[in-house]
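**Q** Those protein sequences? They're chains R and L, same order as listed.
The opening residue of the first sequence carries number 1 in the numbering used here; numbering runs sequentially from there.
The opening residue of the second sequence carries number 1 in the numbering used here; numbering runs sequentially from there.
It should be emphasised that the hints constitute simulated quantities derived from the structure, not laboratory data.
A hint or two may mislead.
What the hints assert, rightly or not - List time: in silico BS3-like cross-link candidates among lysine-lysine, alpha-carbon distance up to 30 angstroms:
{"#": "1", "chain 1": "L", "residue 1": "K36", "chain 2": "R", "residue 2": "K7"}
{"#": "2", "chain 1": "L", "residue 1": "K36", "chain 2": "R", "residue 2": "K32"}
{"#": "3", "chain 1": "L", "residue 1": "K7", "chain 2": "L", "residue 2": "K84"}
{"#": "4", "chain 1": "R", "residue 1": "K8", "chain 2": "L", "residue 2": "K67"}
{"#": "5", "chain 1": "L", "residue 1": "K36", "chain 2": "R", "residue 2": "K2"}
Stated by the list, open to error - Some chain L residues near chain R, calculated using beta-carbon distances under 8 angstroms:
{"#": "6", "residue": "R3"}
{"#": "7", "residue": "W11"}
{"#": "8", "residue": "R14"}
{"#": "9", "residue": "V32"}
{"#": "10", "residue": "W35"}
{"#": "11", "residue": "M38"}
{"#": "12", "residue": "D92"}
{"#": "13", "residue": "G93"}
{"#": "14", "residue": "M98"}
{"#": "15", "residue": "L100"}
{"#": "16", "residue": "Q101"}
{"#": "17", "residue": "L123"}
{"#": "18", "residue": "L139"}
{"#": "19", "residue": "Y143"}
{"#": "20", "residue": "L154"}
The model shown is predicted, which means the values in this text are computed figures rather than measured ones.
The beta carbon of each residue, even a glycine, is placed where N, CA and C say it ideally should be.
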Amino acid sequence: MKLEDIKKDTIYTVPDTYFDQLPTRIQTRIYKKKPVFGLPFHWNLAYKIAGPVLVVLLLIIYLGVPRFGNSELTAEEILAQVNTEDLVAYLQTTDITTDEIIEAVDFTNIDLDFYDQEPIMQHMQMNEKDIDALLDEYGIDNDLL
Amino acid sequence: MVRKYQKKIYWHVRKMVIDHDDADDLVQEVFVKVWKNMGNFREDAQLFTWIYRIATNECLNFLRKKKNRFFIPIHDIQNELTKKLDSSPYIDGDEIQMKLQKALLKLPDKQRLVFNMKYFDELKYEEIAEITETSVGSLKASYHHAVKKIEAFLKTD
Numbered sequence: 001m002k003l004e005d006i007k008k009d010t011i012y013t014v015p016d017t018y019f020d021q022l023p024t025r026i027q028t029r030i031y032k033k034k035p036v037f038g039l040p041f042h043w044n045l046a047y048k049i050a051g052p053v054l055v056v057l058l059l060i061i062y063l064g065v066p067r068f069g070n071s072e073l074t075a076e077e078i079l080a081q082v083n084t085e086d087l088v089a090y091l092q093t094t095d096i097t098t099d100e101i102i103e104a105v106d107f108t109n110i111d112l113d114f115y116d117q118e119p120i121m122q123h124m125q126m127n128e129k130d131i132d133a134l135l136d137e138y139g140i141d142n143d144l145l
Numbered sequence: 001m002v003r004k005y006q007k008k009i010y011w012h013v014r015k016m017v018i019d020h021d022d023a024d025d026l027v028q029e030v031f032v033k034v035w036k037n038m039g040n041f042r043e044d045a046q047l048f049t050w051i052y053r054i055a056t057n058e059c060l061n062f063l064r065k066k067k068n069r070f071f072i073p074i075h076d077i078q079n080e081l082t083k084k085l086d087s088s089p090y091i092d093g094d095e096i097q098m099k100l101q102k103a104l105l106k107l108p109d110k111q112r113l114v115f116n117m118k119y120f121d122e123l124k125y126e127e128i129a130e131i132t133e134t135s136v137g138s139l140k141a142s143y144h145h146a147v148k149k150i151e152a153f154l155k156t157d
């Protein structure tokens, strides 16, 4: 059998009205891929802004919560945030005596060389006479200082 | 544009992939690509040749992917396409025509492509050369070998 003996007609067929509908289907497919670029300008802008704003809000919430809570602060840090006047006022309302407070202080780690620390002495606004009287009151030997 | 070229492109694709649904999907993809790349179309080339080239590449890529998927050997793809030829509801040909189509499926994809364009679509070698970006000489040789193989297959049985 030779090739020329065979009819050249196509053996393939298509469903009825296939070619009538194909252009519309192609157009639909093109527009389905289009929405990425098809959003109105103000919506595109809104989406662009919304993302970063959301990230910033999440960061504020994430970083802000521990700061507002006391769970991660030590007792010393919390006390450091309280004014000295408030602390004194609080202590005056309690039954704790001055002697008890001094007994609680660990003097081994405190440098008591007041005379070399002019700023501290100035801050305390005490002269030598007052200091000597205070040392006498608490029975601290002046020679030790 | 779609209305003008859709039939030629569809039949070109259909002869390569056999199945109507596959051909339908590929033809749509071809025209979507044509629409997307219209800006890249060079005026010195014929629009039809350009669309034909896109369709040809889509067909070859489709068949290549089919072969690569699941590492199917080439003869299994031939069997799959032959089965579709036997079972598709959208095929209507006599016994000899069916035999010719089955003979064509035994050719390598590119050789089958050249044969289809020359024999069925009756394109000139120069046009096929432009579509496939191959020389006219190699196309003539390819077509000659294809015809010999097909006639040898038709003589069997």
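**Q** Hint by hint, say whether it matches the structure.
**A** Outcome of the hint check:
{"no.": "1", "hint": "L:K36 x R:K7", "result": "38 angstroms, violated"}
{"no.": "2", "hint": "L:K36 x R:K32", "result": "13 angstroms, holds"}
{"no.": "3", "hint": "L:K7 x L:K84", "result": "21 angstroms, holds"}
{"no.": "4", "hint": "R:K8 x L:K67", "result": "29 angstroms, holds"}
{"no.": "5", "hint": "L:K36 x R:K2", "result": "44 angstroms, violated"}
{"no.": "6", "hint": "R3", "result": "6 angstroms, holds"}
{"no.": "7", "hint": "W11", "result": "6 angstroms, holds"}
{"no.": "8", "hint": "R14", "result": "5 angstroms, holds"}
{"no.": "9", "hint": "V32", "result": "6 angstroms, holds"}
{"no.": "10", "hint": "W35", "result": "6 angstroms, holds"}
{"no.": "11", "hint": "M38", "result": "11 angstroms, violated"}
{"no.": "12", "hint": "D92", "result": "5 angstroms, holds"}
{"no.": "13", "hint": "G93", "result": "3 angstroms, holds"}
{"no.": "14", "hint": "M98", "result": "7 angstroms, holds"}
{"no.": "15", "hint": "L100", "result": "5 angstroms, holds"}
{"no.": "16", "hint": "Q101", "result": "6 angstroms, holds"}
{"no.": "17", "hint": "L123", "result": "14 angstroms, violated"}
{"no.": "18", "hint": "L139", "result": "17 angstroms, violated"}
{"no.": "19", "hint": "Y143", "result": "11 angstroms, violated"}
{"no.": "20", "hint": "L154", "result": "5 angstroms, holds"}
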